[in-house]
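Visitor: Sequence lines, in order, name chains X and A.
According to the numbering used here, the residues represented by the first sequence are 34 to 247, in order.
According to the numbering used here, the residues represented by the second sequence are 34 to 247, in order.
Quick caveat, the hints were computed from the structure, so don't treat them as lab data.
These figures come from a predicted structure and were not determined experimentally.
Worth double-checking, as some hints may not be accurate.
Which copy is meant is left open, so a pair is good if it fits within one copy or across any two.
With a straight-line Cα cutoff of 20 Å, these simulated SDA-like cross-link-like pairs (lysine to any residue) come out [what the hints assert, rightly or not]: (1) K205 <-> L246; (2) K244 <-> P216; (3) K244 <-> R97; (4) K73 <-> G102; (5) K201 <-> E240.
Protein chains: 2
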Amino acid sequence: MSTPSTPASSKSPPGGPSRDVVWDAGIQARGVREGLLGQKAATVWMTGISGSGKSTVAAEVERRLVASGRLAYRLDGDNLRHGLNADLGFSAEDRTENIRRAGEVCRLIADTGAIVIATFISPFAADRAACRRVHEAAGIPFIEVHVHCPLEVAESRDPKGLYQRARKGEIKDFTGIGQGYEPPSDPEIDLDTSKLSIDAAAEALIESLRKRLA
Amino acid sequence: MSTPSTPASSKSPPGGPSRDVVWDAGIQARGVREGLLGQKAATVWMTGISGSGKSTVAAEVERRLVASGRLAYRLDGDNLRHGLNADLGFSAEDRTENIRRAGEVCRLIADTGAIVIATFISPFAADRAACRRVHEAAGIPFIEVHVHCPLEVAESRDPKGLYQRARKGEIKDFTGIGQGYEPPSDPEIDLDTSKLSIDAAAEALIESLRKRLA
């Protein structure tokens, strides 16, 4: 029933206010919901090329967290493109807007107290940095996870048959072939999925979360 | 640890898939998280003109729900315009996109298992109907609440001084003055805030939720 005097969500996030729009400080503080859930909110941002293992590892992390009583929620790039971002394509400009919106949605979902596990190729470092800033301004931990393996390994996995089509020229702007991927220079967590099993990668990620959100 | 065989979130939402985007059915079902939280997810969509009392009633509803151990999360039109929708203005077209995105975000947040309390003027019936469809496709209750009072009462409250500025012509496209408001024809809940106290309105809303989410 207590309402802290300085709600964590009362700060105006970056991006600047629109005309005549007042930031509402009366909204319940995230801390109250974190207390309810018995956990700390965070966004775990998994970045990497198609086939690197982002979704596979994320699914196992989500499963383990939920099984241990944590409210974890996985937000997937493909799924977001079916709804919120259905109006966006794959040009560099649209990818930037795709990630901008994804970052804002992660922040909102994490503001409920949840641990968001976001899996987005997010090839551009500047876009990821912008997501981090949005989280930092809101006081929500942003944990960048670089999920990687050699391109030829990702291409051999080719879970959606997209590399094959990109090589045939059927898909342009494909990350790793027609468009570049800028690896994180200093990610919180680094997972080489050509060396780690799914279980080992999930365990490493969760162990790191345990320390960071303690 | 159980993963139901038909995850609630495995259905492709309306809007149609983008190119080469595969809907990921491996995501944990909402039901698992609802079980964890001991509640049913829903979106409570509060619509009404500026000054009708949406935010005031919503704040009290959120406070009561959280105090009783429910994970409730308030999503406010103004706050969303600081972040996700900072690129949008107030033309009819931008209002429609504002509400489209808001509806998608409500669906995502409710998919965590939370009760979302959304306060958006949302003046156009077709936009609200689209939000309802998005929720129905995902199997999430969409509870439309019409928060209203006579225009002169809302104008006399004028919590942000906006009516005064709209009357002076400083704000165009202002709902109720320069732009129309289409009231819901069949809302789940109707709250006349010129007759109900804040407490009574909040109590009526929560009582209705209790029955609908039982």
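Visitor: Run through the hints listed earlier and report the numbers of any the structure violates, in increasing order.
Guide: 1, 2 and 5
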